[in-house]
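> With chain A fixed as given, assemble chain B onto it according to the hints.
Number of protein chains: 2
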Amino acid sequence: MAEFMTETEQRCPAVPHHGTAGERRGRTTGTGAGRLDGQADGQEAAVLLERTRAVVDPELRAALESLPAPMRRIALYHFGWQHADGTSANGRTGKAIRPALVLAAAAALGGPAARTAAVRAAVAVELVHNFTLLHDDVMDRDTSRRHRPTAWTVFGDADAILAGDALQALALRLLAEDPHPAARPAAARLADCVVELCAGQHTDTDMERRGPDEVTLDEVLAMAEAKTGALLGCACALGALYAGAGPDDVAALDGFGRQAGLAFQLIDDVIGIWGDPRHTGKPAGADLAARKKSLPVVAALSSGTEAAAELAELYGKPYVAGDVEGIALTARAVERAGGRDWAQAEAADRMARAVQELSRAVPVPEAAGGLLALAEFVTRRSS
Amino acid sequence: MAEFMTETEQRCPAVPHHGTAGERRGRTTGTGAGRLDGQADGQEAAVLLERTRAVVDPELRAALESLPAPMRRIALYHFGWQHADGTSANGRTGKAIRPALVLAAAAALGGPAARTAAVRAAVAVELVHNFTLLHDDVMDRDTSRRHRPTAWTVFGDADAILAGDALQALALRLLAEDPHPAARPAAARLADCVVELCAGQHTDTDMERRGPDEVTLDEVLAMAEAKTGALLGCACALGALYAGAGPDDVAALDGFGRQAGLAFQLIDDVIGIWGDPRHTGKPAGADLAARKKSLPVVAALSSGTEAAAELAELYGKPYVAGDVEGIALTARAVERAGGRDWAQAEAADRMARAVQELSRAVPVPEAAGGLLALAEFVTRRSS
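Protein chains in written order, with full-length UniProt numbering: chain A, 1 to 383; chain B, 1 to 383.
By construction, these hints were calculated from the structure, which means they are not laboratory data.
Careful: at least some of the hints might be erroneous.
If chains are identical, the list can't say which one is meant, so a pair holds when it fits in one copy or spans any two.
To be verified - Listed next, the in silico SDA-like pairs over lysine to any residue satisfying Cα-Cα at most 25 Å (straight line):
#, residue 1, residue 2
1, K317, E59
2, K292, P70
3, K317, D206
4, K292, D157
5, K317, E177
6, K292, W274
7, K292, P68
8, K292, G42
9, K292, G91
10, K292, D323
11, K292, A69
12, K292, A312
13, K317, S88
14, K292, G86
15, K317, G211
So that you can see chain A by itself, here it is in the shape it has in the complex (with noise of 0.2 Å):
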């Protein structure tokens, strides 16, 4: 699963203005419309965050030492804390940005005090969002992560996926744990979240196996709420559970993450293809390279455009190392099929559904404050 702005931070403006997009939909409500405007958000969510590892990391640390001791280093090296010598490191490879929204949905419908009941809430969380990120490493060989060689790069394939079975437990042993009332169904809620994080990864993996023609736009938004919006919105929704809220209000919150994080993965993926490499950290269109069916390419092919039909002769044969210039006449397809427009007005648009989603379960723009600057931070690419 994407990892937040660890290496696509800051690098070229593409979220369109969320205000307008929503004012165009007739979806605007009041709640933040003002806030989605200046760059004041940046700095809000970045204190936000801040001040979520403050509170969340000597919980997270502390529950990974809990761990036996293969179990910890693998752990402490894939959170960052350890080198893979197992000499110590910084820990500032994420950015929990999952905690920070536990965190905000509790305060903004609790106040502080459900903001500190929620941190063990936040934790579990953040567990489970590394777990998943274990073993989709593992399933897609991925060899890089946050900037350093994944766990099973490292250790292996057995220790990674025992690495991310025992964050698993551990993320829901930290709620079963927990005496607050909220506890209980925020478990049920966390695991329900595992098994639809399961669904979404294996479609995925399945997708990547078919042909560019076998995938409809449907499937792939589908598989990006799974993969990515899920956890976002249960992150939310177990903040609402530790203020008490109700089944509406829990359930809006859950909307207002699922739509936020659906508008992250439309702007990543428009990244994927059309990012800076300086800041990527990966080659030019490496999505299209590795004929990625990523959400713009994917509605591209949709299109019924001439375009559509370049775009899909194009995939169809398998891409050839240091071809540049097929690189930019797939990206230019793309763009021309119009799938670089589409991803741009969709995550506006999902930005506008979520904004609504908040609102009905946090009518006043000063509660929300927090939440909102959060999912501007998940979609903003400049600064």
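Quick look at chain B alone, frame taken from chain A:
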């Protein structure tokens, strides 16, 4: 992890008389000395297992049916309810010994009401067991399980890993959704057990990479306890929790299951060397051909005898396919070095310890009967 009685059932007499072993160590209590003498236990265990399946299977099946389609298909195949092509099968692949232990422990400490209350926990334990089987088969590249091709050989590594992940989540979701007051400590204990199972599997794969002289008997025993004993102990402990037992009784039940699990593993390892291939479904001495560092082998290697040196030399060379004479020679070396005798005596000792642990919590023989019958069943090799 080893599967009770599905491949090794009813094949050769291997367990010494537990009562005798207990008396030898002066540990036998009044609890069940008489119970372990006869063959009646086999029938009692068979009845218990049948009754367990009758209440556990519908809940287990319902839990699996709740999975998204692709995960469901892999899970139903793994559990034997579907063939690889998705058509129905009878599902009679496992013996459900772990859920039977949960229910028997609940009944022993809390009577029929506790047994009924513990069904969900029994399902959760079976789900965890099967999640570890799915993952272990991927890691160990095992191609056969319960006389059928393993899930990864049918669906690929990624789907087998994902299905395992989903089963772990399902197990902990069941407990999170269970309003019984024991559900929360049971979930914490089960999650803790998963971490121990992961550490055990890590040690197992790690030891297989090391030389035969680099592994100590204590290490192999600790590994067997983590890999096999821990979940049997956890099953019994969960039953005790659902019976409302206090910490001492829960710990005693955990100890009972752990010791019985170790006894099982010792006997299973004996059969891996001297078992009749007509019953085991594997070629004679398969574990020796694989140079497996099983308990009798490591005991033999640690014996300081002349035969130990011979065995070390034999184990130092790779197995040449078809070398029946070499395998027979190796088996004789293990036997001459005392590996077989040690394993059988140790199994008897572990059973005696199991009985002693049980008597701490369940002093009344009638109440302990079910658990003793199951423990006898898993280590019994004649009928």
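> Find the hints from earlier in the document that the structure breaks and name them by number, from lowest to highest.
1, 5, 8, 9, 13, 14
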